[in-house]
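Engineer: Read top to bottom, the protein sequences are chains H and U. So the first sequence is numbered by the working numbering: it starts at 129 and just counts up by one. So the second sequence is numbered by the working numbering: it starts at 206 and just counts up by one.
No wet-lab data here; the hints were simulated from the structure. Among these hints, one or two may not hold up.
To be verified - With a straight-line cut-off of 20 angstroms between C-alpha atoms, the simulated EDC-like cross-links for lysine to aspartate or glutamate are:
#1 251/H <-> 288/U
#2 131/H <-> 158/H
#3 487/U <-> 418/U
#4 130/H <-> 209/U
#5 131/H <-> 418/U
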Amino acid sequence: MKKELRFTVNGEAYELYVKPKSLLMDVLRDQLGLTGAKRSCDTNTCGTCTVILNGMAVNSCSILALQANGGEVLTVEGLAKKTELHPLQKAFLDYGSVQCGFCTPGMLMATKALLDKNPNPTKEQIKEAIDANLCRCTGYNSIIRAVTAVVKGEYEEGK
Amino acid sequence: MIRDFEYFAPKTLEEALTLLDKYQDNYKVIAGGQSLLKLMRQGLVTPQYLIDIKGISELNYIKSEGKKGLRIGALATHRAIEESPMMKNGFSILAEMEQRLAYIQIRNWGTLGGNLCHADPAQDSAPVLIVLNANLRIASQKGERTMAIEDFFPDYLQTALKPSELLAEIQVPAVPPHTGTAYAKFNIIENDLATVAVAVSTTLSSGADVCQDIRIALGAAAPTPMRAKRAEGVLRGKKITDNLLTEAGEIASAEAEPLSDINASEEYRRQLIKVLVKRIGKEALTRARQA
Numbered sequence: 129m130k131k132e133l134r135f136t137v138n139g140e141a142y143e144l145y146v147k148p149k150s151l152l153m154d155v156l157r158d159q160l161g162l163t164g165a166k167r168s169c170d171t172n173t174c175g176t177c178t179v180i181l182n183g184m185a186v187n188s189c190s191i192l193a194l195q196a197n198g199g200e201v202l203t204v205e206g207l208a209k210k211t212e213l214h215p216l217q218k219a220f221l222d223y224g225s226v227q228c229g230f231c232t233p234g235m236l237m238a239t240k241a242l243l244d245k246n247p248n249p250t251k252e253q254i255k256e257a258i259d260a261n262l263c264r265c266t267g268y269n270s271i272i273r274a275v276t277a278v279v280k281g282e283y284e285e286g287k
Numbered sequence: 206m207i208r209d210f211e212y213f214a215p216k217t218l219e220e221a222l223t224l225l226d227k228y229q230d231n232y233k234v235i236a237g238g239q240s241l242l243k244l245m246r247q248g249l250v251t252p253q254y255l256i257d258i259k260g261i262s263e264l265n266y267i268k269s270e271g272k273k274g275l276r277i278g279a280l281a282t283h284r285a286i287e288e289s290p291m292m293k294n295g296f297s298i299l300a301e302m303e304q305r306l307a308y309i310q311i312r313n314w315g316t317l318g319g320n321l322c323h324a325d326p327a328q329d330s331a332p333v334l335i336v337l338n339a340n341l342r343i344a345s346q347k348g349e350r351t352m353a354i355e356d357f358f359p360d361y362l363q364t365a366l367k368p369s370e371l372l373a374e375i376q377v378p379a380v381p382p383h384t385g386t387a388y389a390k391f392n393i394i395e396n397d398l399a400t401v402a403v404a405v406s407t408t409l410s411s412g413a414d415v416c417q418d419i420r421i422a423l424g425a426a427a428p429t430p431m432r433a434k435r436a437e438g439v440l441r442g443k444k445i446t447d448n449l450l451t452e453a454g455e456i457a458s459a460e461a462e463p464l465s466d467i468n469a470s471e472e473y474r475r476q477l478i479k480v481l482v483k484r485i486g487k488e489a490l491t492r493a494r495q496a
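Use the sequences and the hints to build the structure in full.
Structural biologist: As structure tokens, then:
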């Protein structure tokens, strides 16, 4: 029997009916059409499904959708303001942090969650934030460089 | 593919206990679900009723009670414990353990109580809580009981919880004076589950450099988290020397019952236990002398 799920995704309020066994990732991708969060390992290992739930980076493949009831979800689709990319997105482009792109939504959400809580992280803290996010093109260094550039203020408005 | 189940999300402990009492054996409790959902996806756990306690805010807290120690609600997340300013002095070992427990995404949602109730012998939290002499407060409609955490794991992936009982709180007593604690997790991939984990707490008698009390706990060294009591016996009441630590390591290695699996053979695990008990025992001793 389906249950009611009320939550906010990228600032928009939704009222849906979902199967209790539906995972947050399933609802975002299949019911809301937000395919940024990627389905990959399905076992809480690779980080490609990372979204921000109530201010925290979480793996949407390993949370029941109903556990997000009443919550606020941010996916990669909610990062840009209309056509204006988020500073992290701009930096990822400038620093070549995107190769095949499969890990990118997860990397962006994991690093966004970090910067929201800690705008001045050390390199070690940046590495820790993406520790669970696998990139098989091995683009970690360019991702770290991009995040560092945002931290240094290279992408602040007016610059 | 996860099998269908009937879902309940009680908002209070009382509501949860009523549901547990009503559904007895056919339910499974989910907190953060970071381990459980994997098992459900593989069809290894197929509950008829899933009782989701993650939203019970009265079980999500970390409180410091001075000389009485810490009280941690079963639903406190790993990340909250890791970042809590209360994890200092003797409790810093808890934060050290949490910092290496899986990854931020998992620590943000996974709970300490859920981790304990999953009862994986390779889990990170049990060995540390065993050497800290923690107790568990268990609630049911019939009332409450408290038990030592070392008695909580009767067998592989099993807990001492009876039907209708819920783990409500982890109580960590204040660390006695002149006590040092240390923890090590050995694995091939950093922050993965332990190949072997060792935690040691050593209390020295005041003035003399004699081991008044010692607790040694092992993870991934048997079908359950375990205390190496015979190894403790080698050190208790003695002045700890390198030779004695070597002997304690050998005895701990012998009293462990490690399994062979994809990560390591039994023999390899026994060797790790021997080395790590000595190494971590020494670290705990150094910290006890500084405490």
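Engineer: Would you pick out the hints that fail for this structure and give their numbers low to high?
Structural biologist: 5
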